[in-house]
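Residue numbers (this note's numbering), protein chains in the order written: chain A, 35 to 401; chain B, 31 to 267.
Careful: at least some of the hints might be erroneous.
List time: in silico DSSO-like cross-link candidates among lysine-lysine, alpha-carbon distance up to 30 Å [what the hints assert, rightly or not]: (1) K101(B) <-> K306(A); (2) K212(A) <-> K109(B); (3) K216(A) <-> K204(A); (4) K101(B) <-> K163(B); (5) K113(A) <-> K203(A); (6) K248(B) <-> K181(B); (7) K243(B) <-> K306(A); (8) K216(A) <-> K190(B); (9) K243(B) <-> K216(A); (10) K269(A) <-> K109(B); (11) K54(B) <-> K101(B).
Some residues of chain B that are not near chain A, with every Cβ distance over 12 Å (derived) [as the list claims (entries may be wrong)]: (12) D41; (13) T76; (14) F97; (15) K109; (16) L110; (17) G113; (18) T145.
So these bits of chain A aren't anywhere near chain B, every CB distance computed over 10 Å [to be verified]: (19) G77; (20) Y128; (21) H149; (22) V191; (23) T195; (24) L218; (25) N281; (26) Q295; (27) E310; (28) K317.
Worth flagging that the hints you see were computed from the coordinates, not collected in a lab.
Since the structure is predicted, the reported quantities are computational estimates derived from the model, not experimental observations.
All C-beta atoms, glycine included, are put in the ideal place defined by N, C-alpha and C.
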Amino acid sequence: MTKIQDIHSYSSLSTAKNHHLLYESRTQLKDNYIFRNKNCLIGIEIEVENIRSSLCGNLDYYWAEDEDHSLRNYGREYKSIPMRAYQIPYSIEYLKQLLSINNPKYEFSNRCSVHVHLNVRDFTMEQLACFLILYCVFEKHFFHIAGTKRENNIFCVPLWTTDYLPNLKKLVRPESYKAWHKYLALNCGCIFGSENNKDFGTVEFRHLYGTLDTKILYPWINSIIALREASSKYKLDELVEEIITANTTSQYLYWYDTIFQDLKISPALMTKKDHEYGISNLKQSLFAFNNIKTYDYINRQDNHLIRFHNLQGKKKVSEENKYPMDDLLGELMGVNNHILFIDTPPVPGTPTPVFTTTNTDTITTQG
Amino acid sequence: MLLTQIQNLTDTLQADDICAELEKRYSGTILKVTSNSLNKFLVYNTIVSNKLFLTDYLTGKSYNFGFTDVKDIEIEIPKLSKGFHLFYNGDGEPHVVYITKKAFRQWKRSICKNTYTLETVSEYLLQQDLFYKVTNTQHFLKSMIYVLETKLTSLMINFKYFNLNEHFSTNDFLYISNDFILIRSSNTINTFDLWYHKYWVGHTTDLETLTIKDPIFKQEIYDMLNTTNIPLQVKND
């Protein structure tokens, strides 16, 4: 089966295994934690403020320090190497120790966050699609842990508030992920790389607020691993079929129990409505555009145009029966517009579309 | 005091940073401003000499507030959920728009073109195509303000004793909820299409029986019919 690492060329992962094995063999953990899959590869980014004394020269294991311009008050970001899940407690205790020695007054303001990168290079595209589908079903679970404050944060926008999730056909195409936006709570742009993302072969969970509290951090990472484990158990067509036919709360709760087990949160928080909402939203994205396409009302310097296509399977209204859109929007808003209709969908490589109605002097079309 | 409000809005106490943070986070966005004499959705314009300038996009009127001399004021950041929204424009005409969030720009904290997508819907009948993405700033902000104002004032309709025939004798669409609208078909004048978000899920010709197009959203349709008591009976294909 073709894996993501077979269809995209990645730089090799530097884990400095022996160097860290030595450290781990001589270190006694204060607070160990058993993750669902101890070998799962994870990367962590932790933003911290009030770092008056840089740790750059002191970081011998796991972490590198970086500047982050979204932070203030001597903010720094700590980026881990790709770690196996069992190494996470070692790395967190190591960082905490260094921070408390060198910057005992380090703090997490509301600008700070923790980003977790989960390796998906060994996924097939079908597994990736399953992972995304399951994430959408349980996106509220992740936001309940991260808190409602993060839900409204523009740095990590929930997928359910947008229509960015590709539909079912596009979900298994690598190109769909190259247009993914960085500030969605689940950032898939770093799987293959995109305008604002490097190609790490990971999905990035951006939800969590800044913290080094292991009671929050470890279950959070374990929830992500649980989702990964679950997604490898499904076949895409079977999962989609289950999503379509799922219509009872007991069914949703069964999935939730099976996937998250002890990590699931109280039904008082993760309610029946949350489960229903996750499924309904997911279906909208997966199956939307089966019978419609969206249309852009494009603003140019002196004129505006509307690109539109037909509702599939519906008869087109004849041109003479069309009501000019400039009149419509003008009436609606009390603003005069210059609007242009394009009669046919723009297809790359075909001649310029025919313009049927215009009251503009100059025409600018989108390529 | 306004200064305290602004400190909260910018998460900052340092005077030097406040203006830069305000500009970065709120320029061109809609804010709900409440005081003894004012209760409006205004658009952030600029700050000059510790004065906050806001514009009423519906009237064109400009307002300015001194950071330290305005005492009885509250500024809120309005939010809107994904889905259909009803609004009444200045002439009291109802319209429906479809709203989603964007993850486009990191700094904006309130409603503006960089954070939300607005698509006009109720012109479907005349234009056939349901979702037009509005990118003109003025149209966008005006529609959003109308939506916010309508949300404040409108009451939930009780559909139990609702006469759909009577409604559609003078209207072309019925806004049911964030999730559903029923709208006169652009093809056949006496057919009404039910839309679940961006999905065409069914239709009715007699305004009594609803034909579901496919089973994917059957559950959502039944839930909607049960919760709203809208007088439609499902007839399966």
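Distance rule for N281(A), whose beta carbon must clear each one in chain B by more than 10 Å: Not fine: 4 Å to the nearest Cβ puts N281(A) too close to chain B.
With d taken as the least Cβ-Cβ distance between T195(A) and chain B, does d exceed 10 Å? Its Cβ does come within 10 Å of chain B, the nearest being 4 Å, so this is violated.
Should the label of H149(A) as a non-interface residue stand, given a Cβ cut-off of 10 Å to chain B? 14 Å, holds
Confirm or reject: L110(B) is not an interface residue toward chain A, with every Cβ-Cβ distance exceeding 12 Å. Answer for L110(B): violated, closest chain A Cβ roughly 9 Å.
Holds or violated: K54(B) to K101(B), with C-alpha atoms at most 30 Å apart: 24 Å, holds
Q295(A) clear of chain B by more than 10 Å, beta carbon to beta carbon? Nearest chain B Cβ is 26 Å from Q295(A), so the label holds.
Between the alpha carbons of K248(B) and K181(B), is the straight-line distance 30 Å or under? 28 Å, holds
Does the claim that L218(A) lies outside the interface with chain B hold up, using a Cβ gap greater than 10 Å? Per Cβ check, L218(A) is inside 10 Å of chain B; nearest 5 Å; violated.
Would you mind confirming whether the straight-line C-alpha gap from K212(A) to K109(B) stays at or under 30 Å? Judged against 30 Å, a Cα distance of about 29 Å means the pair holds.
Are all C-beta atoms of chain A more than 12 Å from that of K109(B)? 7 Å, violated
Has the given pair, K216(A) with K204(A), been kept, meaning a C-alpha gap of at most 30 Å? Holds. K216(A) to K204(A) sits at ~19 Å (cutoff 30 Å).
Cβ separation check - T76(B) to all of chain A, threshold 12 Å: Holds, since 21 Å exceeds 12 Å.
Hints 1, 4, 5, 8, 9, 10, 12, 15, 16, 17, 18, 22, 23, 24, 25, 27, 28 from the earlier list are contradicted by this structure; the remaining hints agree with it.
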